[in-house]
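Enquirer: Each protein sequence line maps, in turn, to chains V and F. Under the working numbering, residues 1034 to 1318 are what the first sequence spells out, in order. Under the working numbering, residues 11 to 281 are what the second sequence spells out, in order.
Honestly, the hints are just simulated from the structure, not real lab data. One or more of the hints may lead you astray.
Unchecked claim - Listed next, the stretches of chain V that the computed footprint assigns to chain F, with coverage defined by at least 3 CB atoms under 8 Å from CB atoms of chain F:
| id | region |
| --- | --- |
| 1 | 1052-1066 |
| 2 | 1104-1118 |
| 3 | 1138-1150 |
| 4 | 1181-1194 |
A virtual CB, placed ideally from N, CA and C, is assigned to each residue, including glycine.
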Amino acid sequence: MSMIVDHINYIYARDTENPVYALKDICLTIPDGQFIGVIGHTGSGKSTLMQHLNGLLKASTGSIYFNGEDIYDKGYDLKKLRTRVGLVFQYPEHQLFAETVFADVCYGPKNLKLEKQEVELRAYDALRKVGFPEELFFTSPFDLSGGQKRRAAIAGVLAMRPEILILDEPTAGLDPKGRDEILDQIKKLQTKENMTIILVSHSMEDVAEYVDRIVVMNDGEVFLDNTPKEVFGHYKELEKIGLAAPQVTYIMNGLYERGIPVSTEATTISEAADEIMRVFNKSNN
Amino acid sequence: MLREITLGQYYQTESVIHRLDPRVKLLGTILFFISLFCFKNPIGYAIARAFLAAVIILSHVPFTYMIKGMRGIVILMLITVLINLFVTQGDVVVSFWKLHITKQGIIMAAQLALRISMLIIGSSIMTLTTTPNHLTDGMEKGLRFLKAIKVPVHEIAMMMSIALRFIPILLEETDKIMKAQLARGADLESGNLFKRVKAMVPILVPLFISAFRRANELATAMEARCYHGGEGRTKMKPLKYASRDIVAYIIMLVYMGGSIFAGRLNIFRFM
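Kindly generate the complete structure, drawing on both the sequences and the hints.
Expert: Laid out in structure tokens, this is it:
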């Protein structure tokens, strides 16, 4: 049960003199239950890659295997794939359309041709999981605040009970509080439901705390693919491609260079604080 | 699919026609349309065709590119031609089942096909060689005299250029929304007509909302820049006639005279 991306290329204007490679020879293995952060700046091909994973775009060359089956095989049910690999687009609240939040969340499972009871159960369940307040279930989605709209839209995808959940910049335009709440809830989906999560972002800071693995994209290629600690170790190379490591990495590296024997591996603020305290206490003794 | 329609698109290249004042091209197109209905004989068609061919060559737009844009209109043209072919009364040439094809019908259909194709090519030359901004500028200045009878010329021109500007944005938005609903298991292709129309609701509602949102944002942005209509507004590149525009006007007049004259010739009349 996993997804394998095997040497895919995606080319715009293929038949012309100067074809554009939006994706260049991408290879990835996405095992079950992993929380993956995909990072890259605007135009690095991350959104394009995500649309390949649920079959909305078809690679020019290469294949994608989901649970051992080639999704480009003739007769492969792409519609079914899309319900198993849920994709939440950027600014998903722009796709809300129904009269009530609840009806909108029901749209996905309804398309799966489930029993009415099951549809409503899933919608209710999905809204609960994203922490949507129950008293707002039957209000119009257009009367909600930005953060609540975002939750409702994510619930709309979650209600189909996908095995892999892809979120394209789910925190764009939200304040820090809203951002942390949404990311915490997403993390819970991984730990409690063992869902595979792919989180697309351009901010290392956002993902550092949550993910098990970071894939850095640059110019349509996979630039780095490793654990957060390893990836942030390359912070100088990241800067060259217009990205930055979390501020903690800079502080720890700065301290280390000035002769304070801290480990530079900390990726979150609390880890860094512990590490500094450890070194500080040691030198006091 | 929507990207394949070249009708109404600008083709970037360097040519005399591209450099002409948009007012010349607008008036020229209108005159050309009128001229097509001035005559019914082969001489008139020959003149019109020669004129059109000369403009096409001067415009440096590949002819195949123009034809590509016409694909969408072929069906409309076929229907018109067929109706004329079967409905026109006169001397029967062929008849089968309840349908009769008459000599007059054939002539009528052929003439219509010629006229419609020349109309379409004629108007597409204008849009192919003029940027939308130029076109609305030309309209605004060319129709200024209508202000005398309280027609809000500037506002109409502004609305036109905004509408044109938003076409690609809304296309992109439609694409995005369609993908998002497909990701939620939307089925847009199967089912009967009623079902398909119903399946469009989750796409149309967000599309309309986003169009209103964008319109609102644009209005705010324009107001923040103190936009208050055309009164006292100056242009960065004001339209000015050059000598080539005068020459173009003279050629157009000569052509118009030619086609009116051809229309009065009786020798080749065959209707």
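Enquirer: Hint by hint, say whether it matches the structure.
Expert: The hints, checked one at a time:
Here's how the region 1052-1066 of chain V fares: 0 of its residues keep a CB closer than 8 Å to some CB of chain F, so the rule of at least three is not met and the hint is violated. Judged by the Cβ-Cβ criterion of 8 Å, the region 1104-1118 of chain V is covered by chain F as claimed, because 3 of its residues qualify and three suffice. Only when three residues or more bring their CB closer than 8 Å to a CB of chain F does the claim for the region 1138-1150 of chain V stand; here the count is 4, and the claim holds. Residues of the region 1181-1194 of chain V lying with their CB closer than 8 Å to a CB of chain F number 3, which satisfies the three-residue condition for coverage.
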